[in-house]
Amino acid sequence: MGKQDTKRDDLGVQTLEQAYGKGVARAAARKRNHLGVTSEGRRAGAGTYTALAIVILIFMLPLYYAVSIASQDSTATQYGVEALKPGGGLLRNMAAAFQAMDFWNALGGTLFVSLIVSISTVFFSTLAGYSFAKLRFRGKNVLLTIVVGTMTIPQQLSVVPLYILANKAGLFGSLWAVIIPALVNAFGVFWMTQYLQDALPYELIEAARVDGASMFRTFLSVGVPAARPAAAMLFLFTFIGQWTNYFWPMLILGSNKNATLTLAAATLKGAHFTDYTLVMSGVVLTTLPLLLLFFVAGKQLVSGIMAGAVKG
Amino acid sequence: MSSRNTKQQGTPGPSLRTRLGQLEWKASPYLYIAPFFILFALVGLFPLFYTVWIATRQYNTLTGDSGWAVCGQVCGDSGTTASWLGNFQWVLHQDSFWIALRNSFSIFLLSSVPQIIIALWLAWMLNANLKAKTFWRMGVLLPYIIAPSAAGIIFSQMFSDKMGAVNVLLQAVGLSPIMWHASTIWSHIAIATIVNFRWIGYNTLIILAAMQAIPADVIEAAVVDGAKQWRIFRSIILPMLRPTLIFVIITSTIGGLQIFDEAQMFHNGTSGYGGPNHQYLTLSMYLWTLGFNNVTIGQPNMGRAAAVAWLLFIIIVLIAILNFFITNRMASGGMAKVSKEVAAERAAQAERDRQFAIRSGVEGRRRLAEQQTAQSSAQ
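Protein chains in written order, with the UniProt record's numbering: chain S, 1 to 312; chain X, 1 to 379.
So here's chain S without its partners, still in its complex pose:
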């Protein structure tokens, strides 16, 4: 396509005005406006806002329902329409659930597991991701393929051997049995590799090397700062993933039923399935810390998901 063709074929409003006069340009602009497509994207009308608001309200409904049941004064109103009207017993019920699920213990266990797993995942992933993204070595592609390949393997495939191994190691019922298998994960390495490939220019590494920095010094002073945004997102996702994890902790923690929040909430349901004001209070207590995290770091979560998606 020649330059002249491009000019003739570019039918933006301004070009139209030059080529065919103001009337045509105005008509085109009107037509585009009518269709709702401008250069900034589709115009958002009241309909879009209303629809989005309704969707978000629907998304909030289950949470509202949980809080509403948790606030009932007695178990007599825990069902049906009555349960949709908040009562005055929220604090009392939450205090009871607090006791019943041994909240501090469960919160401590969840925090302990989530923090150690997140820190370790971010550390090992950044180190390996830097190496995969920016250093040259033999066998790199094969090793990276192995990492990516194992990302699709379902968790169920390794629960049986991990259960046997954890039992042999005497870790049954211990939080370490939850932590150790999650210390590293393939997704984290893939994520950091992808990010660092673009975010860290070779020039920076070379400059650091020319200035006489050792390899590890280069990693610390150039690689780590460049990796920080992606590392923060990886931390958030790993943290939420561990916080909401249920299957494996349930298997391996056995009779240690209040060791983490998800387990404690499930135990509460099993023990008090006739008193939903108590069960829902437990669910609310389990969700509350993450809700706080969401208000603080929700923006990072959104941009994290969207940044990862473009690479897909």
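Hint data in this document are derived by calculation from the structure and do not stem from the laboratory.
All values reported here derive from a predicted model rather than from experimental measurement.
Note that CB positions come from ideal geometry on N, CA and C, so glycine has one too.
Among the hints, a few may not be true.
Have a look at the derived ranges for each label pair, beta carbon to beta carbon [what the hints assert, rightly or not]:
#1 V148(S) / A82(X): 35 to 41 Å
#2 A82(X) / Q300(S): 51 to 57 Å
#3 A374(X) / Y20(S): 19 to 25 Å
#4 T150(S) / E345(X): 30 to 36 Å
#5 K131(X) / S221(S): 37 to 43 Å
#6 G226(X) / T145(S): 45 to 51 Å
Given chain S's structure and the hints, the job is docking chain X onto it.
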């Protein structure tokens, strides 16, 4: 060898510092990936190979490994013949396995199909020129922070057969209540709703990111050609989202077939796991029942659980491959028989033509020319 010697004798060898530097240069990449791979081999790769072994063994939690797997009487013999296939044979002879397979498929379809359609719709709306973008995006992501098990508890209550909020509302508008737990298909719909609740927003943001990567001039040019909103969505946005959609479909396949937390928490305190008739027993729950939940001591059979895990994995791989081929075939318009290179060449050519057509407004001019010729011939 000799030349190296003379060289070393002739000139002083590289200093210790330089040699250390070179060693560091060569070893660093491996040193950085080593911690990950050592741990990963222990907790990620080794268990995978170990499952293969266990799946072929008679492995009870009480007795441990006791030789090759025994299928037992369901296989037709007296129940003593041991073979490495025994666990697989036993599992495939169980009605529960096939029920669980059916349920998993049903829940997976009911969750992934609406999930992707609604996510597409939401992303399309979020892609508009909105005020307070971050607020709306955070809004749709909110359910992501609720643990699947917690969501299971909440929804189990909402969908309660007798007095759940959903049924009370249905009755309020004059409809008959639905047996969300007792009925097979309705329980699948209810569980799929829990899954959708948590994942729609997440997938919306993934699709939204891909939508925003579509160059604005392509869409603007289509508008000039007279394309309406739906036409733009169908002919430009949807095809350009294809790689992202494949990604979303494959991840929701892997997730959808593994569902455990939601279905496990869906059961009432009084009913059995997966419901009294196993109406919502999923494959993961079946695996758990076989390997971890049977109450008799020594009864939990890890070998059979491992066999179920492998069957689950094989099914996931098969469906992922099937997904890939279907989406590929849809995109290439049924040209699956030509070689990859030719197909890629043709696709690239078609894309170039399409881009050119979009940019140049050829379509519009052709129609204009047709109208003119039609008018002149009519005159």
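Item to check | Indices of hints not satisfied (ascending) | outcome: none
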